[in-house]
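**Q** What follows is the residue order along each chain.
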Amino acid sequence: MEKQIIGRGILAGALGGVLAFGFARIFAEPQIQQAIDYESGRDAAQQALDKAAGLPVEPEGMEVFSRAVQANIGIGAGIIFFGAAMGALFAVAYALYLGRAGQIRPRTLALLVAGGGFMGMYLVPFVKYPANPPAIGHEDTIQQRSSFYLLMVAASVLFLILAVWLGKRLQPRFGTWNATLIAGGVFIVATAIVMLALPQFGELATNRQLHQATETPAPLTDASGKIVFPDFPADLLFTFRLYSVGAQLILWATIGLVFAPLAERLLGGAPARRTTSTPRASVIG
Amino acid sequence: MSTASQPTTAATPLVIPGSRAVLWLVGTVLLALAVYYFIGVDQGAVSVFGNDTHIHEFVHDGRHFLGFPCH
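Sequence order for the protein chains is A and B.
First residue of the first sequence? That's 0 in numbering that gives the first Met the number 0, and the numbers climb one at a time after it.
First residue of the second sequence? That's 0 in numbering that gives the first Met the number 0, and the numbers climb one at a time after it.
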């Protein structure tokens, strides 16, 4: 049974990845290209300033893959494999909660687990550390940014699992509605504490040395303080982040909606099992 | 996390038994996390293949777009 569940989960995830890639290719790639153009323009302006001030100019890095490969094949492979991996994790969570989540249909459980994956793996971490387009993010802080981001993902997934456990514990005493509200409230409070404790990227030591409170590029000024290159376009940043949420929403919604009927067929068609699965009664609640 | 919106006649029918299923579940999680790592993190903050940046550059756009921190 677990093999069928995992296989269908990976399939649903890969399909979600394909749809999210289609969305990304049409809507996000133009934004990513604009951000890269901004970055190149800003680097060129910075080099011109450095040259005028007699500072050493850094040579440009070599291109490993062309923009065409990155924007068409690379992003596709990345999102589809990411989707398959998320589908696999979804399937494991689904298998573990099967029969342990109370009186609930297989397809409803599929939507709930997919919703949990969307929140835990992406949306909650995004609230603290949102997705950034190219040009945002200092090269010297990548290590810290990666660690803090992964810590945020781990914390939100852990809290989500604990909140579900807590809700199940409270359910016999408070009923499903109130137990869910209490567990949800505890999840929000625990997550908020971690978010308050973790630093903003702008507070990292490297950025403080550079006297910047954020990693979003500020306007570039010459020696006299005149702006020679604008700051990062706010609309571009917003659109990129909005589309990033959209792609993940497409991915996780597909996982839930594709897996739901498959699970219903896999599990629902054998009513005899309901009477033979004796452990069920003891694990409800 | 159970909801009351569904009729209670149809419960999820079975509990995945332990032992052999555990191997499959753990193996799947490890493999999925490895893929997550290579798409999101490798050759940025830490690198399995040293100074090479092929994976990073290949999935570059996806890495930004999926929400991972990137250079």
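Don't take every hint at face value.
[Said to hold, decoys possible] Partial selection, computed: residues in chain A whose CB lies under 10 Å from chain B:
| id | residue |
| --- | --- |
| 1 | MET85 |
| 2 | ALA87 |
| 3 | VAL188 |
| 4 | ALA189 |
[As the list claims (entries may be wrong)] Facing chain B, a subset of chain A residues (Cβ under 8 Å, in silico):
| id | residue |
| --- | --- |
| 5 | ALA27 |
| 6 | GLY73 |
| 7 | ALA94 |
| 8 | VAL227 |
| 9 | PHE228 |
| 10 | ASP230 |
Calculated from the structure, these hints are not laboratory results.
We treat Cβ as the ideally placed atom computed from N, Cα and C, and that holds for glycine.
**Q** All hints, please: hold or fail.
**A** Do the hints match the structure? See the list:
1. Taken as an interface hint, A/MET85 checks out: its beta carbon lies about 7 Å from the nearest beta carbon of chain B, inside 10 Å.
2. A distance limit of 10 Å between C-beta atoms decides the matter here; for A/ALA87 the minimum to chain B is near 4 Å, and the interface restraint holds.
3. The criterion of a C-beta within 10 Å of any C-beta in chain B is not met by A/VAL188, whose closest approach is roughly 17 Å, and the hint is violated.
4. The beta carbon of A/ALA189 is not positioned within 10 Å of any beta carbon in chain B (closest approach about 16 Å), and the interface hint is therefore violated.
5. Annotation: A/ALA27 was flagged as interfacial toward chain B, and the flag holds, the nearest CB pair being 5 Å apart, inside 8 Å.
6. This hint holds: A/GLY73 has a C-beta 4 Å from the nearest C-beta of chain B, less than the 8 Å allowed.
7. About 5 Å separates the beta-carbon of A/ALA94 from the nearest beta-carbon of chain B, less than 8 Å, and the hint is met.
8. Annotation: interface hint on A/VAL227 violated; nearest CB of chain B at approximately 24 Å, more than 8 Å.
9. Of the supplied interface hints, the one on A/PHE228 is violated, with its beta-carbon coming no nearer than about 19 Å to a beta-carbon of chain B, more than 8 Å.
10. A cut of 8 Å between beta carbons decides the hint on A/ASP230: the least distance to chain B is about 19 Å, and the hint is violated.
In summary, the structure is inconsistent with hints 3, 4, 8, 9 and 10 from the numbered list given earlier, while agreeing with the others.
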